[in-house]
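Asks: Numbering-wise (this note's numbering), the sequence shown opens with residue 961 and increments by one.
Note that these hints are calculated values from the structure, not bench results.
Glycine included, C-beta positions come from ideal geometry on N, C-alpha and C.
Keep in mind that the hints are not guaranteed to be accurate.
Straight-line distance between alpha carbons at most 27 Å, and here's what the computed DSSO-like set of lysine-lysine pairs gives [claimed, not checked]:
{"no.": "1", "residue 1": "Lys1002", "residue 2": "Lys988"}
{"no.": "2", "residue 1": "Lys1083", "residue 2": "Lys988"}
{"no.": "3", "residue 1": "Lys1027", "residue 2": "Lys1083"}
{"no.": "4", "residue 1": "Lys1002", "residue 2": "Lys1027"}
{"no.": "5", "residue 1": "Lys1085", "residue 2": "Lys988"}
Beta-carbon label-pair distances, calculated as ranges [as the list claims (entries may be wrong)]:
{"no.": "6", "residue 1": "Lys1046", "residue 2": "Asp1091", "range": "12 to 22 Å"}
{"no.": "7", "residue 1": "Glu1092", "residue 2": "Arg1034", "range": "12 to 22 Å"}
{"no.": "8", "residue 1": "Gly1047", "residue 2": "Thr987", "range": "18 to 28 Å"}
{"no.": "9", "residue 1": "Phe1024", "residue 2": "Asp1000", "range": "19 to 29 Å"}
{"no.": "10", "residue 1": "Leu1087", "residue 2": "Ile1009", "range": "38 to 48 Å"}
{"no.": "11", "residue 1": "Gly1068", "residue 2": "Glu1088", "range": "11 to 21 Å"}
{"no.": "12", "residue 1": "Trp1033", "residue 2": "Asp1091", "range": "40 to 50 Å"}
{"no.": "13", "residue 1": "Asn1089", "residue 2": "Thr1004", "range": "40 to 50 Å"}
{"no.": "14", "residue 1": "Gly1007", "residue 2": "Lys1027", "range": "32 to 42 Å"}
{"no.": "15", "residue 1": "Glu1008", "residue 2": "Thr1099", "range": "21 to 31 Å"}
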Amino acid sequence: MSQLYKIEVMDEIQDLVFDKKPYQSLTKGIEISVWPEYVDGKRTALGEIFIWAYQVRIENRNKFSLKLISRYWRIIDEFGELQEVKGEGVVGEQPVILANQSYQYSSGVHLRCPSGIMSGYYKMKNLENDDEFEVEIPTFSLDVPEIKNILN
C-alpha cells in the first residue's frame, strides 16, 4: 500500500469518525475524547483478526502546561481475554500540551474477535510544579457494525 493511499484512507476515516459522538472523560481539568472506528477484518494463518482505528483528543482546560509521560491501555475482547499495553508517550511522542490547548493523535488496535472494550489512563506531568498524576481514558466499545453482539 502506497504512503499516499494510506494518508487518503486515514483522512476518510477521520471524516467518518468526527461525525460521531465521542466517548469522553474529564479528570483534573483534562478532557479525553475518543472516536473508535471499525476498519477491516482479515484472515491470517493464525485466524481472523478485526482492526479498529481510533482518534484521541486530549484537551487541557487548565491554566498550566502539562506533558504526557506514559499510557496504559486495558483491552478486553468478548471472550474475556485481557491485553495490557503500556509505554512512554503516545505514537512515539511525549507531547507538551499548553494551557487551554489540545493534542490529537490516531492509532489502532486489533482483536481476534469482533467485539471488545478499551480503557486506561495517561500519566501526565504538571510543568508548573512537576506533580505527576493519572488521567482517565474513557471506556469505549470496539464493535464490528455488521455483527450483532451481546458484550457491549
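Asks: Going back to the hint list, which numbers does this structure go against?
Replies: Hint check: 1, 4, 9, 11 and 12 fail, others pass.
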